[in-house]
Structure formats: structure tokens, C-alpha cells
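There are 2 protein chains.
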Amino acid sequence: MISVVLIGTGNVAQNLFQAFSKVNDVEVKQVIGRTKSHLNFARATTTIETDFDKLLPADLYVLAISDDAIASVSMRIKETNGLIVHTSGGSSLEALSIHKRAGVFYPLQTFTKGKIISFENLPICIEANNTKDLEILRKLGETLSNRVVNISTEKRKILHLAAVFVNNFTNYMYSIGEDICAENEVDFNLLQPLIEETAHKLNVLSPKEAQTGPAKRGDQQTLQTHLEIIKKKHQRELYTLLSNAIKSNHGEEL
Amino acid sequence: MISVVLIGTGNVAQNLFQAFSKVNDVEVKQVIGRTKSHLNFARATTTIETDFDKLLPADLYVLAISDDAIASVSMRIKETNGLIVHTSGGSSLEALSIHKRAGVFYPLQTFTKGKIISFENLPICIEANNTKDLEILRKLGETLSNRVVNISTEKRKILHLAAVFVNNFTNYMYSIGEDICAENEVDFNLLQPLIEETAHKLNVLSPKEAQTGPAKRGDQQTLQTHLEIIKKKHQRELYTLLSNAIKSNHGEEL
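So the protein lines, in turn, are chains A and B. So that you can map any letter, position 7 of the first sequence is 7 in this note's numbering, and since no number is skipped, the others follow by simple counting. So that you can map any letter, position 217 of the second sequence is 217 in this note's numbering, and since no number is skipped, the others follow by simple counting.
I should point out that these hints are in silico values taken from the structure, not numbers from a laboratory. You may find that some hints are simply not true.
Copies of the same chain look alike in the list, so a pair counts if it works inside one copy or between any two.
Claimed, not checked - With a straight-line Cα cutoff of 30 Å, these simulated DSSO-like cross-link-like pairs (lysine-lysine) come out:
| id | residue 1 | residue 2 |
| --- | --- | --- |
| 1 | 208 | 113 |
| 2 | 232 | 247 |
| 3 | 113 | 247 |
| 4 | 155 | 231 |
Using the sequences and the hints, build the whole thing.
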């Protein structure tokens, strides 16, 4: 049995709480957060607390909080022999350097308020400053997922950067699509199956192989038509920039 | 029973062929293509033909071919009373203007070589120049999908433009993510669940609501770290441009 104190009340904390709660080998002894009302998600099944001085002893303290808060909040965990981990892709192991036993437990996923997702196939990237603690994190990870991987701080930062492109910037592409539809009174929801299949097809093709569209084909007439339709200047500039990038990306092959 | 001659041998043609073949109310009488070997997908269950002079009579001729070829290939369909449709998002109904009975039957999806997908929830956008033919296309569409919608040429072009953002440009974001991973010897496949969830969460949130990341949060430190990691100049420029766009998009709300 691994005993866990979970610190945080956001989407990652809530998803981890739900996931751990379903596992026999893990006991969430306590959930800590600054604001009592934000702890309601855990109230029914475990101890909730707003006062760090009342921290319970546990094998593991999981900081599911924003990057900026990791260093300062970790300082409030005192006199413990437990392993302290954060759940952030963008923060180094060093962020917890005041603790003898520190680690990272990073579920590589986007978490949405009120949406509880399955951890089963979700990569959990782990790191620790000694092999014994790494083994504890692997054991914990494997209670949730079949895809627990050792990833150094350096490589985790690469994953986090790549995630900005495939998640944040991709979502921004969706929002431009929505904007163009709204401006022209077209139902954006018609694009949902296309959006999901574009993501899903990467299971069988690499993105470079999967690239299609007027820019890839060098279809100047469609490119021209699209530039005439787009009303906002910054969207036109982005359309041109990305089309040229795709052209040169695929032109290199010739 | 609706009889269909399918013209084309690409991914759309092959997917439509498979989909129609499963439907009792539709008979694919013939598949036509320029190259005999490309017609193998249909050989076992229908007539295949490379010679347009041997076109069979049918209720409907479906041109599942590239935009550039629509006008010229449609001219090769002579002396028919059938309804002639193309399957393109980017082409107007006018592209078939030499025919009395013309229409559009546009399945809004990305089709991949060798990957047969379900049409069940896939929007099929239809258009015709008279209500009787529109009714035929609706009937045909409803044999495949529960989401058949009347869309004018003008609105279909908007959808096609929005599709460039949510499909082509999104895929380009994936390819940059892959590139950054490859350069740093990190497994891009670790990002697959994130990629799929980013697409899937639009079922519950709009893209604007779903936006997350360092640019949205105004997290200058992470933005700076990422710019230091990115090796390629054009990727750095794109990172800055998209981050600024997200900042200003969300700054407007303040």
C-alpha cells in the first residue's frame, strides 16, 4: 500500500484523486488546498485540510499545483521522510531541491475542468534523484497506467515544448476555424469528425506522411480563394506563413 | 434503389465504394478510373472500366476526383439523364455547369490511403440546382450518415477554409512537434493521447474555452525557456507569432 497526500485542487489534482481512489494499492490519506470550498471533490472519501501544519505523515506528497507555486509550496512541507513529487512537464526536478527525496510524476495529458478521463493508456513520465524512489514512482504509476516511462528533466522539457505545438497551438488553429465559421454563419460542429480523425490518423501515419491540403499540393487557385475569403489581417498572414512553411517542408523532398 | 457509377480511384472513391457497398438501397454499377491497376479495390464486386465510352446508365455519377480534374472529366460524361455530382469541398456547383442536373456530395472528412472509416456520424454536405435532385442526394446521404446537411457553394467554401486550419495546419503543428522530438531523441508517440484528447475535448468545450498553455497564462519564463530550446529559426518565429496571437486573443477578454 502506498499512502499519498495530494496537494492541489485543480484539474490535475481532481483527476489524480479520482484515478487513485479506484486503485486498491493506493490510499489518498489527505487532500490539501488553500480554499476549503475547492476541496469539495474529495470531502466524501478522505480528509481535507487547508492548514499545512496539519499535514499527515505519508509515503508520498504529490504537488498537483501550478509551476510558479511548486518551490514555495514545497517549502511548507516540513519534517517529513516522505517522497515529494510535482506533476509538471515544464518544471525541473531541481524545483524541489530543498528536499532530500524529490521526484516528478507527470501525466502527459490535458485535463479539463469537470471532465474525468482514463489514465489507462496515458504516459506517466517519472523522475527521481535515486533509484529506490524511482521504483516507488514506477509502482505508483503502474497502478494507473500501462505506460510509465523514465524521462529526465531535460527530455521532459522537450516533451512539454512539443506539447505546446500539438496541444496549445493546435487548439488555436481550432479557434481560428471556429472564428471563420462564426463570422460566416456556418456550424463549426460540422468539423468535429474531421478534427478527431486528423488526430486519430497519427496512429497509422506520421504527421509528415499525413500532410494534405492546398499548400502541400501547390494548389495556387485555392490558396488565392482562401486569402480572399479571410477577413482578418492576422489570420491572412498566418494562412500565408503556414502555407509557405508546408510548401517548403514538402518541397525539400523533391 | 439508387444506381451509382463511381468515377475515381483515390481515398475518397475507395471509402465511398466501401460505404455504398454495405448499403442495400444503393447499387454501385461501375467504377471508372484511368489506370486499370488502381481499380483493383472494386474488381471483386462490380464492373470496373477505364474507357469513358463504356459508361453504364445510372441514376447518379459520383466524381470522386481532384478539384482540377472535375470540369474536364465531367465533360466526358455524355448523353446521360443522370445526376452528376462531385465530392469536393473547395469546388463550386458551377464546376459542373455543362450538365443540366448537377450536384455536390461532400463528405466532410480526411481520408487516408488504406484506411476505411465509418460514415455514420460524418457530415455529408449536399447541394443541387433543383429540389428534386437535392432530395435524391439527401436520400443517398442518409443511407450512409445521420448527418446530411444542405450547404451552399459559398458556405461549403467557408467550411473548406476552416478545414485547412483545423486539419492541414493542425497537422503541420503535429509535424513540428514530431520534428522537435526527433531532434532531441524523445518518443513522439508519447504525445498521441494528448493529441487525441485535445481534439476530443471540443465535444464539451469551445476552442476558446479550451485554450491553455504558457502564452494563455502569460508565463514569460516558460516562453523564454522554449525559445532557447527551439533550434530552427522558422519554428522559433512561429512559436513567437502564435504565442503573441494567443496572448492578444485572450487579452481582449480582460
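Evaluated hints:
1. In the homo-oligomer, the alpha carbons of residue 208 and residue 113 lie at most 30 Å apart only across protomers (14 Å), although the nearest pairing inside one protomer, at 33 Å, exceeds that limit.
2. When the C-alpha separation of residue 232 and residue 247 is checked against a cutoff of 30 Å, the pair qualifies both within a copy, at 23 Å, and between copies, at 17 Å.
3. For the identical chains of this complex, residue 113 and residue 247 are inter-copy neighbours only, at 21 Å across copies versus 38 Å inside a copy, given an alpha-carbon limit of 30 Å.
4. For the identical chains of this complex, residue 155 and residue 231 are inter-copy neighbours only, at 15 Å across copies versus 40 Å inside a copy, given an alpha-carbon limit of 30 Å.
Every hint, counting from the list given before, is met by this structure.
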